[in-house]
Amino acid sequence: MAQALGQIQQSNFVPKKWQIINLAVLLVLIIFPFVAGTFQTNLMAKLLLFGILGVSLDLVWGFTGILSFAHGVFFTLGGYAMAYYLKLNLSATANNYGGNIPDFMVWNGLKELPWFIAPLQFFPIAVIAMVVIPAGFAYAIGSFIFRSKVSGVYITVITLAIASALTTFFVSQQAYTGGTNGITDVSKLMLFGMVVPPIGIYFIILAFAALTLAGSWWLTKSNFGLILRSIKENEQRISYLGYDVASFKIFIWTLSAGIAGICGGLFVPLNNFISPVYLGVAFGTQVVIWVAVGGRGTLFGPIIAAILLGQLQNSVDRITQDWQLIVGIILMLVVLFLPDGLMSLLPKKLLTSSSNKKLLASSSDQLEKA
Amino acid sequence: MNVLSFNAISSLIYLAEISPPPKAIDPVAITNQLLNGVGIIGILLLTGLGLSITFGVMRIINLAHGEFIMLGAYTTFVLQSNFKMDLLMTIPFSFLFTALVGALVEVTIVRRLYGRAIETLLATWGLSIVLQGVVKLIFTAQLKYVKSPPYIRGNWTPFTIGGQAIEISYYRLFIIFMALLLFGITAYLLYGTTLGREVRAVTQNREMAKCLGINTSLVDMLTFAYGCGLAGIAGTVIASLKSVAPAMGQDYLVDAWMTVVAGGVDKLVGVLAGAVLIGESNAAIAYLLNDPTARVIVLAAVIVLIRYRPEGLFTVQKRG
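Taken in sequence, the protein lines are chains Y and D.
With the numbering used here applied, the first sequence covers 1 to 370.
With the numbering used here applied, the second sequence covers 1 to 320.
Same shape as in the complex, but just chain D (with noise of 0.2 angstroms):
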């Protein structure tokens, strides 16, 4: 045990030693800083929001999101440089196409492990391995850009601080709007119409839904087809941000669990919850510290959350 309160002290030290010293608190800076972390807030909605229909709804633990997103990208990409097409253009193609792959997935492997939930997270880490090297053997592993769409570029001003300009990228602005209309669309699908009601019966209780009628195979398969475009238009939008890379799935996958799990899976309303919560101390703490303690401190209080409310921060708790 000495060691390990030695370990304890040694990376409070750490943390002691690399912290700048106490900033005043500049007005200016820490808005843009907040602002910065609705950027985040953007990115991690976008990413999770996919993931919290696979998981959130159908249960599935799908280790190749990452992927999807990528093969999103990768679908903007060559639209891109084949036909010169606009990046919102691009958006649909990339939502259909990761669907479908989507689809195939779910036909071919998914579907023979429901229940197993560990079968299916090593199946699908196998597909995630395998979607990265068959782009990395198409593509080549080498860097692809991807051009933003030129009239949302720029800074957008909303007000001032003092004579000092607070500044957003309209090209953030453009990501959080399209993270909360996609979430807008998946709740109303979800909550609005027959299909959604026929996901939810479906996840509730499968065989009861059966009875009723239900087509449970294919709902299983719209549904998870339709969270894997959610993350192909995710990574449409992220393209541009940084470059393109048969490996660039992975950078989001941990976030993105991390904010649907943080969030809660039972209502979709979670997601949105955790991406707030997780981008917000995200950007403030970076903004006390730095990034690497910042994106360590959130997830050691991810662990810490998930240790006491495993069923995420806001959902009702249930009767066992």
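Next comes chain Y alone, as it looks inside the complex (with noise of 0.2 angstroms):
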């Protein structure tokens, strides 16, 4: 982990034309709640979310080669610190139940607030905790497989199983999770005694995109993000020349679990609920959708083909009910025609710069490669 570690370096700036098509995207997102309706607002608060995971989806897929369909589950385990938080601080000021535990639990008998459910009623508690039990759960997974020979399709195969297992289990522990309910009913967020309104969860959410973002770009610019791409092109030659394949894998794995794991505990206050659904096979699909329509190894990709998406399934949903098969139709001819994604349309000048010629060598192996 330390060699890990060592690797991420001050790297290259970004391009100048990026920067101020960067900027104006921006802008426009910083206007774009004063000019539409409520529901535009929560609705793209949304997509952005779910496009920053599809980011996290990345991460691990597109830069690293490790396709997880566990994203959903990491997302979800965020989202339930979030969610036991909201749902005890209602319990606590207006519940109608009597005792401060939340309706779920007194219907299926619980006498008092288990006692690794309780600090999660404490603000600073639920945020660490929603970044750190998805990470934590990540690191002890990554650990556990990504130092064995086991590689590329059975760390998917087993990423499945996950997903598979957790939702049983989520579902099947009705008293401590809400069962297939999930928890519902939270309280609204509360931030320096004020209740956050929709468009603060906006520029919440908008603000962590953003950062996530140029994290990420910095990141997989540095050293550390060259050398996550050469073991997704060639694990083998990577660790003869002296690298921890296993430490980088499993640092970036942890990492995107993180991010996951903020996206589900934003997504609670806008959502207003969660539940084993997220956790399940088909949200974690879901993600990966986004990422392979996108773009693998691109950071926009995910985000546009999670707002795209987003926004014709809005606008479907009014005509027809049967938007999934849509859905699959489009991975369907993305996957055929335009193994890249989205992002591949874009003219390849846009990025590249004459500046980056770190940038310039990397793509153009990929060229090659493609």
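All the given hints hold, so there is nothing to weed out.
Simulated crosslink set (SDA-like; lysine to any residue; CA at most 20 angstroms straight-line):
1. Y/149 <-> D/304
2. D/267 <-> Y/153
3. D/136 <-> Y/326
4. Y/149 <-> D/305
5. Y/149 <-> D/311
6. Y/16 <-> Y/213
These are calculated hints, taken from the structure and not from any lab test.
Starting from two chains that each stand alone, build the complex the way the hints lay out.
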């Protein structure tokens, strides 16, 4: 791990064209909630979160080559941490069930708050748990599977098993998790004694998205990012060069799970509930679809795909109920005819810049591969 | 790391709290439960067999496998509701229909993606969504029901223990019989016929097989179609156990994968081993604790198994 951390150094700067585009996009997104209605603001906030969830998957899949169906799991673990906090605070102030424990626990015969849920009623602990629980879970899994000869498809099968097992587990522990319904009717998010309005949540999410993107950009363009991409291209050669491949994988896997956890935590005040649906294989696949459609190995691809698909779904839903069919067709078309995703439609000149030789070299390598 | 151990402890506590007080070992109940496990083995073997062809032999990651099961079930439903056909009579039709769809899929999608495992995985996932969507368009999302043949109803009582009957339903016996029959046929096709030898030749060394005059693309198509056809038969047989619905395939997908991967993919016998192992341990743990816990423990065990033996339990170690 120490070796992995040592590789994150000051790296290339962002090409000027990109800086301008980024600032313009950011500006549009800042103005957006003032122009659009509450519904659109909430939808956009949700899609931004899903996009960032996609980016977190992209860090391990597009950049490092580990395909995971378990990112929904990390997302949901973060979500539950936040949901317990909001639910417990609702119980404390405005509950109709007596005592200060959530309704679903009362219904399932729990007399007092389980000790491992109780600390989550404090905001700082909930916020820390929202990151540390998914990241810790990912770290445990990562150290278990990446330090072995398991690779490729088998890792993916393992993530399928994790998603499936945790769904069963959360559904079966009705007294503690709310079962199939999950945690519903949570209180509004309060910060500094005030209820955060939808637009406030939108800006929190936007700030988080911008920070994550900037951080990911910096990380993937650093030497560390180069090594990640080399692991994807040729794992064996990189390990012969003396790098401890497993520690790089574990690091990015844990980081990615932490980001996914924050996404989940921010999702709850927006969505007002969390349920095992988001743990399941289907939602995990949804994340994979955003990355595949947007473009693996690009940071903006997943966000663009999440926003486009989400907005499309929103408009199509009014006409037809068969949105999933359309997603399936889009996915198949992209895989067959546009393997590098929507981002590969952008002119190549935009993606490279003469001031950025390392990037140029690596992207021309990728072109040769393709 | 504290949180982690905290997690581990709390999940242990969960398990301790939900597990019922230790039962006295009741020979009748445990025998029945083990026979129950036999039924699970049948289903796992049936659903895993097709996958062991498409993944084990061809190395195609087919996430639409569950949807081929679903197509088989719907074929039976259509034939039963329109022609009042017996369930057994519909088996050849669902085999042919799903095999045909499989062949079509191989030619249009899978063929373009050979050697690119992840792309195949994504494309077949897209296919699974599309197949579900199309079936939903035609038949709506309403649950459909399929009748099992009247002559395989009721329970069989092989023996009694202390006056209490040990029972297994004839339909479960039928499932395990079908599974073993198909397993035998598949093994014969793969290891006893010229076509099977060609299939194995193509998977071992495609270029060389081509040089020796084997029509590799035809072999690919037939193999994939056969694997899908097996899934179709599984769908028909399973259809009468539960209801038939567009999303039913999803229930079997993960389990079928675990079966194939746990047993090992190099040899066909791996899927049988995987089915027996998962089926019986599931039944045994479910008897001691409860069903969800059994599923969680079995899945965790499969993860550990993959971690230490990615080739599966029953595969001879090869030198890289």
